[in-house]
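One-letter residues, chain by chain:
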Amino acid sequence: MRAMTYQFDFKDLKITVSQIENVLGYTEGDDRTFVMDLIDELLIESQKICSVKAQYSVFNDVSFDKNSRSVNIEGISFDIKKIVFGQIKKSDSAALFLCTAGDEIGIRSRKAMQDRDFLKGYIYDVIGSEVVESAADLMQDKLEQAAASEGLKITNRYSPGYCGWDVAEQHKLFQLIPDNFCEIRLTESALMSPEKSISGIIGIGREVRSNSYTCRICDMKDCIYRKVKEKNL
Amino acid sequence: MSDILEKLALCVEFGKINKISPYPPNMKDQDGADELARKALESGIKPDEILENALIPAMAIVGGKFSRKEIYVPQMLMAAKAMNSAMVHIKPFFQSGETKRKGKFIIGTVSGDLHDIGKNLVAMMIEGGGWEVIDLGVDVGTEKFLKAIDEHPGSVIGLSALLTTTMENMKKTVAAIREKHSDLKILVGGAPVTMDYCQKIGADFYSPDPQGAVNYLKQLAS
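Chains B and X supply the protein sequences, listed in that same order. My numbering puts the first residue of the first sequence at 1, with every later residue one more than the last. My numbering puts the first residue of the second sequence at 1, with every later residue one more than the last.
No lab work stands behind these hints: they were computed from the structure. This one's a predicted model, so the numbers in the text were calculated from it and none came from an experiment. Watch out, some of these pointers could steer you wrong.
[What the hints assert, rightly or not] Now the in silico label distances, taken between C-beta atoms and shown as ranges: (1) B:D31 with X:G202: 52 to 58 Å; (2) B:I107 with X:T194: 30 to 36 Å; (3) X:A221 with B:P178: 53 to 59 Å; (4) B:I76 with X:K200: 29 to 35 Å; (5) B:I76 with X:Q95: 30 to 36 Å; (6) B:D141 with X:Q219: 49 to 55 Å; (7) X:T142 with B:N72: 33 to 39 Å.
[Claimed, not checked] Here are the simulated lysine-lysine pairs, PhoX-like style, with alpha carbons at most 25 Å apart: (8) B:K120 with X:K69; (9) X:K144 with B:K111; (10) B:K142 with B:K90; (11) X:K144 with B:K120; (12) X:K91 with X:K46; (13) B:K81 with X:K19; (14) X:K28 with X:K7; (15) X:K65 with X:K144; (16) X:K19 with B:K120; (17) B:K120 with X:K200.
[Unchecked claim] Chain B stretches covered by chain X per the calculated footprint, using a threshold of three residues with CB under 8 Å from any CB of chain X: (18) 2-12; (19) 19-27; (20) 59-67; (21) 146-160; (22) 166-174.
Note that CB positions come from ideal geometry on N, CA and C, so glycine has one too.
Sequences are here, hints too, so could you generate the full structure?
Here is the structure:
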């Protein structure tokens, strides 16, 4: 269990129209007829244009400092703050990961916005986010299986920009992962390109555990994914 | 209010763009905002009246519903599209000077940040509130904001940021605008932005949703 690269087929992600409707905010009984056809059409298109990749690297040189609530990985100190620290502090090793839906879906979203077809642009954007999150779910499953084969467990995944962990710390994360990892680049302002990409950390060890619902521990009260998950609890 | 303006307002509120638009299903095969705005003008209703009595109130209802979470982003986008289809008929009167906007609003996502959905939602709601919107796009540097202010003196300024890293650029841009134009009103918004941050960087107004910005501009214009 060191480093793994995956290229996922769009169909493996099993993204459905109702899943996208859910993220858009619709609940049982809402009239969503006008968006259903458009979501269906854009999912078919997304299948053609998404290049879904995920990679992780496992690091054994990991130590935690409870005073500063930081984790040190191969000499680089991550100021992960209270929430993430509390979730991964019992890890013996850690996986740093990147996932992407590729460039094209972001380009399509932006183009539609520029053409003032805001609904199409917005739905492409939501699909792109779901694609990359679903890819991360699959990658996490693979890591969990690999860990289990060694008698280990994993934590949930945590990303810079969430749970109080500063998004600027993504620069440190990129220092530790191989160049051109998933062909994702990072701007000075810690924005990833392709924009539909995510990065983060997963703790690994005998004493760690993952939670089925982690939004409650996060401080982003208005996060769209929190609202969707809470609605479905 | 005339029957035609009432129907036009309903078309905007429920996102009925034109006659061929299948949405909403209960308005199928009926005239949409496009046809009704044209017919209203043909029947002699002044463009000002169309704006003030149909389009702006309809968008205010849409903004209120969104703030109360009674509708979602797609419905708001459809309403804005219906509004735009009516505005196509009104715009020539702005150009001729026969109809006046409430003011100018310059908006952009700050330097280093490419997120534009929130910025676009605010822009379309403010346009729906009767303002001329100058949208500078994303990754907008301070110089570009200052140039736009020079080109459109007296405008209200809106800055958007979605990352904590680019909020710093928001701060720099606000400071640069303040240095040259201490009298201009500056609105800020975006996921990590708060009222505290707004006050700390010297901006005038923060709203977590587009309608708050529309209401603030309404106060400024009155």
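We went through each hint and held it up to the structure:
no.	hint	in the structure
1	B:D31 with X:G202: 52 to 58 Å	44 Å, violated
2	B:I107 with X:T194: 30 to 36 Å	32 Å, holds
3	X:A221 with B:P178: 53 to 59 Å	55 Å, holds
4	B:I76 with X:K200: 29 to 35 Å	31 Å, holds
5	B:I76 with X:Q95: 30 to 36 Å	58 Å, violated
6	B:D141 with X:Q219: 49 to 55 Å	52 Å, holds
7	X:T142 with B:N72: 33 to 39 Å	37 Å, holds
8	B:K120 with X:K69	21 Å, holds
9	X:K144 with B:K111	22 Å, holds
10	B:K142 with B:K90	21 Å, holds
11	X:K144 with B:K120	28 Å, violated
12	X:K91 with X:K46	13 Å, holds
13	B:K81 with X:K19	55 Å, violated
14	X:K28 with X:K7	14 Å, holds
15	X:K65 with X:K144	34 Å, violated
16	X:K19 with B:K120	20 Å, holds
17	B:K120 with X:K200	37 Å, violated
18	2-12	violated (count 0)
19	19-27	holds (count 3)
20	59-67	violated (count 0)
21	146-160	violated (count 0)
22	166-174	holds (count 3)
In this structure, the hints that do not hold are numbers 1, 5, 11, 13, 15, 17, 18, 20 and 21, in rising order.
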